[in-house]
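Student: For the protein sequence lines, the chains are V and R, in the order given.
According to our numbering, the residues represented by the first sequence are 1 to 143, in order.
According to our numbering, the residues represented by the second sequence are 1001 to 1168, in order.
If you're looking for bench data, these hints aren't it; they were derived computationally from the structure.
Among the hints, a few may not be true.
[Said to hold, decoys possible] Covered stretches of chain R (chain V as the covering partner; in silico rule of three or more C-beta atoms under 8 Å from a C-beta of chain V):
1. 1073–1083
2. 1116–1123
3. 1130–1140
[To be verified] Result set (SDA-like, lysine to any residue): computed pairs, CA atoms no more than 20 Å apart in a straight line:
4. V:Lys112 - R:Ser1052
5. V:Lys112 - R:Asp1146
6. R:Lys1081 - R:Gly1071
7. V:Lys112 - R:Asp1053
8. V:Lys107 - R:Thr1051
9. V:Lys112 - V:Gly89
10. V:Lys107 - R:Asp1053
11. V:Lys107 - V:Arg34
12. V:Lys107 - R:Asp1045
[As the list claims (entries may be wrong)] Partial list, computed: chain V residues near chain R (C-beta under 10 Å):
13. Gly76
14. Glu108
15. Ser119
16. Trp138
Glycine residues also receive a C-beta, built at the ideal position from the N, C-alpha and C atoms.
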Amino acid sequence: MPRIYRTMKRADDGLPVVEATARGLGVRVPPDKRSDIDIDGAGNVILNGRGMSVAEHWRHIFPGMIPARLDDGHNGARGSNELHCWRMGEGPFVVGPLADKLELIMKEYARKSGLVVPSGPMPVQAFQDALAATRGQWIEDES
Amino acid sequence: MSHDAPVINEAYRIYVRILRRLHQLEVAGQAQSPEAAELESQLEDAWEPLTSDQRESVAGLGSDLNWIRRGLPPRGTPKEKVQSEDLKAVQRAIQANRPREVLWRLRHCAAAMPQAELARLRGDAWAKLGEHETALLFFEHATRLDPTTGSLASIALDAIGKADPQAR
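All chains, full assembly: derive it from the sequences and hints.
Tutor: Below is the structure:
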């Protein structure tokens, strides 16, 4: 399973917050104008290369999502300090299966950035549930 | 580290323009304004099409601007870890006219340098890269930090104003 990083808020139990926002474990859905996925008329996720943003390392995440406390003079970190850096998996950051019903694909422009997408057709709630099911696999890692 | 020049295309320029505006809003105490929130969203969109080299470059600029607002970065190289050889390497990069390398090395050495001088050198490097509006922010900061030695920054400001009136 590829190792991936994402910044998310931390819940009281020390794991990522499950939430359909950019700051949680989940995806934003229409009609949110910043939706992470597209949905067809039947409520299924359209498999068009969109999904939950992740990166090979937290240093490659959009600086606005890296907590400002991690600014090292190079990474431009300017995000909320409510965010924490999390990792999941141990393998190389390559396209492939990630977890049950989920796979990793690469973003078009930056090879150190990827997207977690459904491994096949499924309703949007099934996708959210599959993402939430990974919650216990995320480890906080700001090294 | 990479000193390679990223491709300076419209996508790169858009990101830098938004980042600079956000910085100005934050300096003005308007970080929570509707305009800042909208720009933050635009900045995230502008990040997407950037290549890895471009991302590295604009992230570095982000940290440089953070420094203007917040001082030395919390995870920056501590002063005691900066060697005299690191400072000599900054001078060599300046003499060799390699502004991207200068910027990278300044980020490493920031804690061990007089801060007004750091601001001026950053301004010089950004000006040499043709980023005059960005350079201006650092020259202004140099003058704020040390008005008595701000004359060099003032000269640079005047030069930029003549070369690129849009930057003033």
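Student: Taking each numbered hint in turn, which are not upheld by the structure, reported in ascending numerical order?
Tutor: 2, 3, 5, 15 and 16
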